[in-house]
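Undergrad: Listed below are the residues making up each chain.
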Amino acid sequence: GAVVSQHPSWVICKSGTSVKIECRSLDFQATTMFWYRQFPKQSLMLMATSNEGSKATYEQGVEKDKFLINHASLTLSTLTVTSAHPEDSSFYICSARDGTGGNQPQHFGDGTRLSIL
Amino acid sequence: DAKTTQPNSMESNEEEPVHLPCNHSTISGTDYIHWYRQLPSQGPEYVIHGLTSNVNNRMASLAIAEDRKSSTLILHRATLRDAAVYYCISYSNYQLIWGAGTKLIIKP
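If you read the sequences in order, they're chains A and B.
The first sequence begins at 624 in this note's numbering and counts up by one.
The second sequence begins at 309 in this note's numbering and counts up by one.
Isolated chain A, as found in the complex (with noise of 0.2 Å):
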């Protein structure tokens, strides 16, 4: 079946720092990644989609200099939280699509915990 990578698994770093999260579908192209926030007893939160070539389409509430997607190739999409505080401590998680439609399933990253001190 479909493989989506996710990398780091977990991070932790201090207050102020940039962090790069790499989401990689393995064995399809993957046109429009998605990413997600999550936090502890909450449901998925749909931050941005991400769309191969273009420029990614954020949700409503979400800062698009505060978090930075590139979907430079078919097959990765990075997220980047800059200048990185406390409150956002989350657990993000991509997905990507494999074709387009309503009757394609999203496959999911093993999602990155992102902790900032």
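Rather than coming from a laboratory, the hints here were simulated on the basis of the structure.
Mixed in with the good hints, there may be bad ones.
Pairs of lysine to aspartate or glutamate residues, derived as DMTMM-like cross-links and limited to a Cα-Cα distance of at most 25 Å, are as follows [stated by the list, open to error]: (1) Lys415/B <-> Asp375/B; (2) Lys689/A <-> Glu645/A; (3) Lys664/A <-> Glu353/B; (4) Lys637/A <-> Asp721/A; (5) Lys411/B <-> Asp733/A; (6) Lys687/A <-> Asp711/A; (7) Lys311/B <-> Asp721/A; (8) Lys311/B <-> Asp339/B; (9) Lys637/A <-> Glu686/A; (10) Lys664/A <-> Asp721/A; (11) Lys411/B <-> Glu319/B; (12) Lys689/A <-> Asp711/A; (13) Lys311/B <-> Glu682/A; (14) Lys678/A <-> Glu645/A; (15) Lys637/A <-> Glu710/A; (16) Lys664/A <-> Glu682/A; (17) Lys643/A <-> Glu353/B; (18) Lys637/A <-> Asp650/A; (19) Lys415/B <-> Glu322/B; (20) Lys664/A <-> Asp375/B; (21) Lys664/A <-> Asp390/B.
Some chain B residues near chain A, calculated using beta-carbon distances under 7 Å [what the hints assert, rightly or not]: (22) Ser336; (23) Tyr340; (24) Gln350; (25) Gly351; (26) Pro352; (27) Tyr354; (28) Trp406; (29) Ala408.
The beta carbon of each residue, even a glycine, is placed where N, CA and C say it ideally should be.
Given chain A, put chain B in place with the hints provided.
TA: Chain B alone, transformed into the frame defined by chain A:
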């Protein structure tokens, strides 16, 4: 956006069938119904999806009401590894609209 409602939690005994309900009364005629599950500290895992007809795969079955206002995910023989949060999701405008999910507890 179409929204789904699910019970917060359900319990079931191991090796028994589990029926997880979902209401989606405002879903549009072209929105697919997807089910995903999430184990603690992991990303969600795709389970099954459908539009109008009942669907079966190796993981589960999906029974969709004729009026499409509700659906039921069926795990035919639950194991301890099926303990997870199950999300019933409508696929609208190329995005998954996530609800709160049902926490499934499997009792040995």
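Undergrad: Sort out whether Glu682/A lies within 25 Å of Lys664/A, counting only the CA atoms.
TA: holds (21 Å)
Undergrad: Taking 25 Å as the top limit, are the C-alpha atoms of Lys311/B and Asp339/B close enough?
TA: Measuring from Cα to Cα gives roughly 11 Å; hence the hint holds.
Undergrad: For the pair supplied as a hint, Lys687/A and Asp711/A, is the alpha-carbon distance within the 25 Å limit?
TA: With a Cα-Cα distance of about 14 Å, the restraint between Lys687/A and Asp711/A holds, given a limit of 25 Å.
Undergrad: Below or equal to 25 Å on CA atoms is what counts here, so check Lys311/B against Glu682/A.
TA: holds (17 Å)
Undergrad: Between the alpha carbons of Lys415/B and Asp375/B, is the straight-line distance 25 Å or under?
TA: The given pair, whose Cα atoms are some 33 Å apart, is violated under the 25 Å limit.
Undergrad: Does Tyr354/B hold up as a contact with chain A if the rule is Cβ-Cβ below 7 Å?
TA: With a closest approach of 4 Å, the Tyr354/B hint holds.
Undergrad: For Lys664/A and Asp390/B, compute the direct alpha-carbon distance and say whether it is at most 25 Å.
TA: holds (18 Å)
Undergrad: Under the criterion of a CB-CB separation shorter than 7 Å, is Gln350/B in contact with chain A as hinted?
TA: Result: holds, 6 Å to nearest chain A Cβ.
Undergrad: Using 7 Å as the Cβ threshold, decide whether Ser336/B counts as touching chain A.
TA: violated (10 Å)
Undergrad: For the pair supplied as a hint, Lys689/A and Glu645/A, confirm whether the alpha-carbon distance does not exceed 25 Å.
TA: Satisfied, since the Cα-Cα distance of roughly 16 Å is no more than 25 Å.
Undergrad: CA of Lys637/A to CA of Asp721/A, is that 25 Å or under?
TA: With a Cα-Cα distance of about 36 Å, the restraint between Lys637/A and Asp721/A is violated, given a limit of 25 Å.
Undergrad: Holds or violated: Lys637/A and Asp650/A, Cα atoms, limit 25 Å.
TA: violated (35 Å)
Of the numbered hints given earlier, the model fails hints 1, 4, 10, 18, 20 and 22; all others are met.
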